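Can you build the whole structure from these sequences, using the hints too?
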Amino acid sequence: MIADGFCHRCSTGFTGNKYFNAVAAQPLSTELDIGAFALPIIGFGVMGQMLGAKRPRLSGSGQALAGFGLFFLGISILKGGFETLLPWFETLDLSQAGFFAPFAFLVFGVVLAALAQSSSAAIAIILTATAGGGLPLELAAAGIIGANIGTTSTAIFASAGATPAAKRVALSHIVFNFYSGLAAFLLLYPLVDASHWLADIAMADSKDEPLTLAIFNTLFNILGVILIWPFAGRLVAWLHQRYTSPEETLSRPAHLDPTLAAVPALALRGLVLEIERMMELAFARTEARLSATPGKTASGNGDEGILALGQAIRDFIADLSRQPLPSDVVTALPDLIRSIHHVEETIAESAAIAENGHLPTALVTGPAWDRLRAGVFATLV
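In this note's numbering, the protein residues as written are 27 to 407.
It is worth saying that the hints were derived from the structure and are not from the lab.
Some hints could be false.
[Said to hold, decoys possible] What follows is a list of derived Cβ distance ranges for each label pair:
id : residue 1 : residue 2 : range
1  : 78        : 289       : 54 to 60 Å
2  : 340       : 63        : 36 to 42 Å
3  : 363       : 272       : 25 to 31 Å
All values derive from a computational prediction rather than experimental measurement.
Cβ coordinates follow ideal geometry from the N, Cα and C atoms, glycine included.
Here it is in structure tokens:
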């Protein structure tokens, strides 16, 4: 459940990232020298970080400001490096490029963003080519869509060898960008016309193609957010079935379901069964750990999964407690919470014993351990 919430928040965070990309394109569409503009920002950021050595908030703000300046400085450097392609664009007669030209520039945007490892840098290069008059607006718009798709290569590289949760987040980024990119490409010409119209409404010159492209990029990103929003829940549910780890499998309740909360008696029985399952997992983990050869621990790391299962059970109890409950259920809930706590203590104590490298002389094993388990289970029935 913790991983579920994390994945949902990260998927929502990508919608915010779309808005940031839209805003970042605005200064790139002007004649402003973003490299010179970035240097003072970096200076103020470094100064804030140095002066805020004993003030974490000021230091963090300075670090964020310096990072923002470095972002624009990097775009300026990449833009300068790719400007050698501009004379080649000017020699081409792209106004009569034909039906497949938008698709070709879509692929060009993908490759450009993958090489630059930044959609903002690729967009800056496309805006520069458009301002020089060598690139028609519709083809430049297709290149911007491709740049947004091509930035998924960064997520692919970053997720290599990462945790299952990180791989799911990267996959959500890829699905998000491909889905919004396909929709925008199918609506390419209507979006370009809308960008012209909005440029006129904003009292700007719609013939200022870099500015019109910046508006197009904003519309494209907003369109992607609007289109993906109704399917966000289904996307998250689908992502939860991908790249699952053993710990996450353990942490998912097998006997609890949100629908059980409507019937307190069934919810109580489900809680008992789930805590029994948690105890069996914890006892098996403890036995494997304590029976291991001194100096060696049991293979695998099931502690995190068992502890996450305990938190999931607590969350279910919290949801159940928000409604009127029968007296027998109210009486049983504190005992169930204590049982979860005792199981967690068992995991912690066994880990401490194994870490010390020696076992106590009076360790409870064999039939005595089985009787203890049976006695604990009896208190829950």
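Evaluated hints:
no. : hint                  : verdict
1   : 78 - 289: 54 to 60 Å  : holds (55 Å)
2   : 340 - 63: 36 to 42 Å  : violated (50 Å)
3   : 363 - 272: 25 to 31 Å : holds (26 Å)
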